[in-house]
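The whole structure should be built from the sequences, with the hints applied where relevant.
Chains G and Z, in that order, give the protein sequences.
Numbering-wise (the numbering used here), the first sequence opens with residue 10 and increments by one.
Numbering-wise (the numbering used here), the second sequence opens with residue 34 and increments by one.
Since the hints were derived computationally from the structure, they do not count as laboratory data.
Built from N, CA and C at the ideal position, the CB exists for glycine as well.
You can trust all of the hints, since none of them are fake.
Here are some of the chain G residues that sit facing chain Z, going by a computed Cβ distance under 7 Å:
#, residue
1, Ala-100
2, Tyr-101
3, Pro-102
4, Ser-110
5, Ala-140
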Amino acid sequence: MAEELSDELKADAARFVDALPASVVMPAGSGKTHVLAAAAKHVVVGGGKVLVITHTNAGVQAVASRLKRFGVTTGVHVTTITSLAFWLARAYPVLGERIVSRVMVPDDSQDYVQAATRALVRTHVKAVMRASYTHVLVDEYQDCNTQHHAMVLNLKAAVGSVGVLGDPLQAIFGFSEQLPDWDAVLGEFPECPDITPEPWRWAGHNEDLGAWLLEIRPHLTAGRVLQLDNIKYPSGVRFTDISGNYRGLANAARSALSLPPDETVLVISARHAASGRSIAGQLDGRYTIMEEVAGSFIGSWLAKLVDAEPEYYASWLFDFTKKCHAGNGILDPASLGKCYSRGETGGHLLESSAKREPVRIAIDAMDRVVVNPTLGELAAAMDVIPSSAGIRLHSHEAWYDAKTAIRGAAAEGSDKSLLHTELAKARDSLRHTGRRERRRIISRTLLVKGLEYDHVIIADAGNHAEVNDLYVALTRARKSINILASGRSLTLVESPRGPKAHKKF
Amino acid sequence: MRIRRIDIENFRGIKSASWRLPLGRRFFALIGPGDSTKTTVLTALERALHDRAGQSAVDTDFYDVDVAHPVRIRVAVDELPDELIAMDAFGGFLAGIDDNGEWMHDPVDEVQRCVIVEFLVEADLEPVWQSYRPPLEGLDDEESRPVRARHRSRMTAYRIDDRIDAHLRWSRSSSLGKLTSSRDDTRSTLTLAGRAARDAAASAITDALKTLAREVQEQVQAIGTTEFADLKPGLDISLTNSQGNLALFEGDVPLTNFGLGTRRLTGAATQQLANQGSATLLIDEVEHGLEPHRLVHLLGHLRTSEAFSQVFVTTHSPTALQHLEPEELVMVRSTDGVTELRPLDNPDELRSLLKSRPEAFLARRIVINEGKTEYGVVLEHLDEWNLGTDPEPAPSAALGVVPIEGNGGTGSATWAQQFLKVGYDIVLFIDSDDEAANNLASTIEIAGGTVVRWSGAHSIETAICAQLDEAGLNAFIQAALDVADDREASAQSYAAKLVTKGAPTASEDVDPLNVTTWAEAGVDLERAREIVGLAAKGKTIDKDKAWFKRVDKGRRLGRFILDTPALQIGEVKATFDELKAAIYARPKSPPAATPNHQPEQPNG
Numbered sequence: 010m011a012e013e014l015s016d017e018l019k020a021d022a023a024r025f026v027d028a029l030p031a032s033v034v035m036p037a038g039s040g041k042t043h044v045l046a047a048a049a050k051h052v053v054v055g056g057g058k059v060l061v062i063t064h065t066n067a068g069v070q071a072v073a074s075r076l077k078r079f080g081v082t083t084g085v086h087v088t089t090i091t092s093l094a095f096w097l098a099r100a101y102p103v104l105g106e107r108i109v110s111r112v113m114v115p116d117d118s119q120d121y122v123q124a125a126t127r128a129l130v131r132t133h134v135k136a137v138m139r140a141s142y143t144h145v146l147v148d149e150y151q152d153c154n155t156q157h158h159a160m161v162l163n164l165k166a167a168v169g170s171v172g173v174l175g176d177p178l179q180a181i182f183g184f185s186e187q188l189p190d191w192d193a194v195l196g197e198f199p200e201c202p203d204i205t206p207e208p209w210r211w212a213g214h215n216e217d218l219g220a221w222l223l224e225i226r227p228h229l230t231a232g233r234v235l236q237l238d239n240i241k242y243p244s245g246v247r248f249t250d251i252s253g254n255y256r257g258l259a260n261a262a263r264s265a266l267s268l269p270p271d272e273t274v275l276v277i278s279a280r281h282a283a284s285g286r287s288i289a290g291q292l293d294g295r296y297t298i299m300e301e302v303a304g305s306f307i308g309s310w311l312a313k314l315v316d317a318e319p320e321y322y323a324s325w326l327f328d329f330t331k332k333c334h335a336g337n338g339i340l341d342p343a344s345l346g347k348c349y350s351r352g353e354t355g356g357h358l359l360e361s362s363a364k365r366e367p368v369r370i371a372i373d374a375m376d377r378v379v380v381n382p383t384l385g386e387l388a389a390a391m392d393v394i395p396s397s398a399g400i401r402l403h404s405h406e407a408w409y410d411a412k413t414a415i416r417g418a419a420a421e422g423s424d425k426s427l428l429h430t431e432l433a434k435a436r437d438s439l440r441h442t443g444r445r446e447r448r449r450i451i452s453r454t455l456l457v458k459g460l461e462y463d464h465v466i467i468a469d470a471g472n473h474a475e476v477n478d479l480y481v482a483l484t485r486a487r488k489s490i491n492i493l494a495s496g497r498s499l500t501l502v503e504s505p506r507g508p509k510a511h512k513k514f
Numbered sequence: 034m035r036i037r038r039i040d041i042e043n044f045r046g047i048k049s050a051s052w053r054l055p056l057g058r059r060f061f062a063l064i065g066p067g068d069s070t071k072t073t074v075l076t077a078l079e080r081a082l083h084d085r086a087g088q089s090a091v092d093t094d095f096y097d098v099d100v101a102h103p104v105r106i107r108v109a110v111d112e113l114p115d116e117l118i119a120m121d122a123f124g125g126f127l128a129g130i131d132d133n134g135e136w137m138h139d140p141v142d143e144v145q146r147c148v149i150v151e152f153l154v155e156a157d158l159e160p161v162w163q164s165y166r167p168p169l170e171g172l173d174d175e176e177s178r179p180v181r182a183r184h185r186s187r188m189t190a191y192r193i194d195d196r197i198d199a200h201l202r203w204s205r206s207s208s209l210g211k212l213t214s215s216r217d218d219t220r221s222t223l224t225l226a227g228r229a230a231r232d233a234a235a236s237a238i239t240d241a242l243k244t245l246a247r248e249v250q251e252q253v254q255a256i257g258t259t260e261f262a263d264l265k266p267g268l269d270i271s272l273t274n275s276q277g278n279l280a281l282f283e284g285d286v287p288l289t290n291f292g293l294g295t296r297r298l299t300g301a302a303t304q305q306l307a308n309q310g311s312a313t314l315l316i317d318e319v320e321h322g323l324e325p326h327r328l329v330h331l332l333g334h335l336r337t338s339e340a341f342s343q344v345f346v347t348t349h350s351p352t353a354l355q356h357l358e359p360e361e362l363v364m365v366r367s368t369d370g371v372t373e374l375r376p377l378d379n380p381d382e383l384r385s386l387l388k389s390r391p392e393a394f395l396a397r398r399i400v401i402n403e404g405k406t407e408y409g410v411v412l413e414h415l416d417e418w419n420l421g422t423d424p425e426p427a428p429s430a431a432l433g434v435v436p437i438e439g440n441g442g443t444g445s446a447t448w449a450q451q452f453l454k455v456g457y458d459i460v461l462f463i464d465s466d467d468e469a470a471n472n473l474a475s476t477i478e479i480a481g482g483t484v485v486r487w488s489g490a491h492s493i494e495t496a497i498c499a500q501l502d503e504a505g506l507n508a509f510i511q512a513a514l515d516v517a518d519d520r521e522a523s524a525q526s527y528a529a530k531l532v533t534k535g536a537p538t539a540s541e542d543v544d545p546l547n548v549t550t551w552a553e554a555g556v557d558l559e560r561a562r563e564i565v566g567l568a569a570k571g572k573t574i575d576k577d578k579a580w581f582k583r584v585d586k587g588r589r590l591g592r593f594i595l596d597t598p599a600l601q602i603g604e605v606k607a608t609f610d611e612l613k614a615a616i617y618a619r620p621k622s623p624p625a626a627t628p629n630h631q632p633e634q635p636n637g
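Take a look at the structure:
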């Protein structure tokens, strides 16, 4: 049964569609997806066809499920900008001036975007776009870099009725990208006025929190000094100064385990991945590490495996096991690690001392790799190692995807050069099927923008002095936020929009 | 939608063919001798653009029945509607095609966008419809994409043939069915009508179907001069299969009981209504079952109506050709499995011939005779050679030979060149007394034609007279007088003509019409032969005065040649032997190495 749209939402949608090309700027959680889906429905009801472009597969799923809720089953195609660019570049290599192979390679996405941008100005590709869609809506526009922006402008030249939705305050980006100047975006897509933000994300969870986030939004500006202990927080939000308390974060995370099990908890760590993994090490495997989509942590470990001679496979496995598990002190490097680094088995150490008994399973598995150093044996060892009583897996994604890649390469005749291809396949299937659902997660703002959780623990507010970073961190929570910091004041700084300003990292 | 190019490999009688359709034409009449694979070309089009799946092929669909080489038919279609160029249809694999029919991987700005549908059948006999794009350097993993039935159905090429009856019934795949579904919900309309018809009587037919039947009636009248008084849907109890029991009736008679021509016309009308402006119509033997006047009317309709995007017909009918323009003709020739489809280079030159002698265009071998005299002479000889006391084993007609009256020496030679280029065998029978014609003759021989000429500077009349004695010359003159319209007057004018050419004037002993008397006046045999020959031939500028210049007169001359012993030797005999050999030569294909296979670039 399709959800009935409110008159207000219908009016907003109609006004937006009529104003195209136009933009809608909306705060996090305040109904942007609602407006987008309603606008798409407005077009479809009028006999048009809509292309919705987002950035991530999670975004595709979010929009698609909202459209379904609104009873829109045909006339809308939802895709990521990379998929669309790949499709165009693959279809018209001459017009895109680039030969693109059949399988999409995530690392090549900017090449796809540039090729698609070139193809989109050609007569017949324009005709294809015009024949396919009457309207184009681009979501999360703040995540468009300059190349995405150029491609969207060419789409606009072809189709005309293009709308963009986004929130410049949520713009966070990776390393090498340059974001377009937001005023330039508004020049191409004038802001559609009078669309009232509604704090939908917090409805039924914590309305006070939603209202507070809307209220503080205008005040999050560079140069402002926040006295974190002197803010009137709404219910559900608290601040804890953990200066000198090295177990402060672990305690906060452990106490969050008592929250209802079906509610999600996110610990936001500092920007670098190692920070999250060291936190995970203290939490006994109760929290899992979210990997970035490209899986560079896994990739770097597989690269080590590629370089390793078979006699050192077990040594590699020993190191990787430590990296991915909490309680890894029991895998002592001095005695056990040395055995493997010499290419020898470690089983005899189980006889000499009982302290390693809780990791007997792991040691037996690694010894089998010593005896039979093949990729197949490695993967088999990885199947059983996490079931050792003495250690707890915390990097589930990394562990399982590495195992999938190793098993895949083993199946292809143990060709180690295929490890990264197999990893790309595993990560690509993640793109399509979504992440395995886990309820206690450690991640970074860059990876969780656009996602929502019931409870958020900010590991150290001091890591989020950039305006956009702080805003994204605060707006992920539906019910509660626990802000931790070593210190009580935070001076906000401008978020960089390109790599030049990013040099300090 | 517009078909731009058809490439065929290993389909039935065609090992390979590539036809790039000239731009700006939408009506194509495929002509050619038997076994030139015209019909196969139509069938290939039909198969490639067919919207029904599940029709398997058979072994005999393969060239030489060799299933090891797949059947591959590629059809490029441009001017596609938006619905078909969208991303969920052909938008991801459009190709480009330029004005000369050269296709390329991407539709660059300078060319037309098109889809190339590939119909592929391998040894498993399961047809596959998929996309094709020409290879692109550096791109080695191009995958074919399926071209789905629902998209093909927007491009379907409809064939009007003896199986047209299916379209006179309401079924899901018939044009009547499609026509209904475009107006109403077919299933319910048909089910309702069918059930009602089954349950009760003809009065149960829904108003919607009755209206439709009336529209078909009007359309049939527009295209076919068939008068229906009461066309309506009815229950055809002669069939109990799934083809549909609801059929068109005229009064109480199901239309399927009408003559073939009427059924074909009605079928064409329903196609036209069902596919306004977008359908491609294929008609094999367009004349089949139609009286000449209905054929002419139908052709006129097909050529001018906007209702069809393209119309392809084959024909063996001179009547049909007479009402077409030479630009509309496509000559189909098959040589060792290679089928060539060529338009005329310079259709203007053959326009009047198409009107006066359309059957020439249907021949395999055309004997172009200098003028009326030669034409008549050759006709008389053909009668003798085909039916006389010592007939040829295969009559000339069986060899596809058509003799025509030429257009003088140079005119005939020009025609010969045109015909040679599009694949006809040519025998050119001309005088050797015209220098311009002599120059053309060698070009024609190089292009593969046979030129039969008199030696020296002879015409047929002078060549004959050169072998006659006085009595023979007299018989020649009598033969001319035999066929004169007014013997008395002609006798006077022929005598006068002979005198002008040097015959002695009439006196007591001398009669200009009696050559045996000329010696008295000092005109010897040598001179007499010249005088009679030139007199019979007439003046160069006034050839109508020539004695045998009419087909029946030419025939009389032919008979004279055959019956005169003095002409069974020497050059006359040699020339006619040469002509006979050329006419009855076993059909050889035009030399495969002919350099000008490809028509010139139209804009070149």
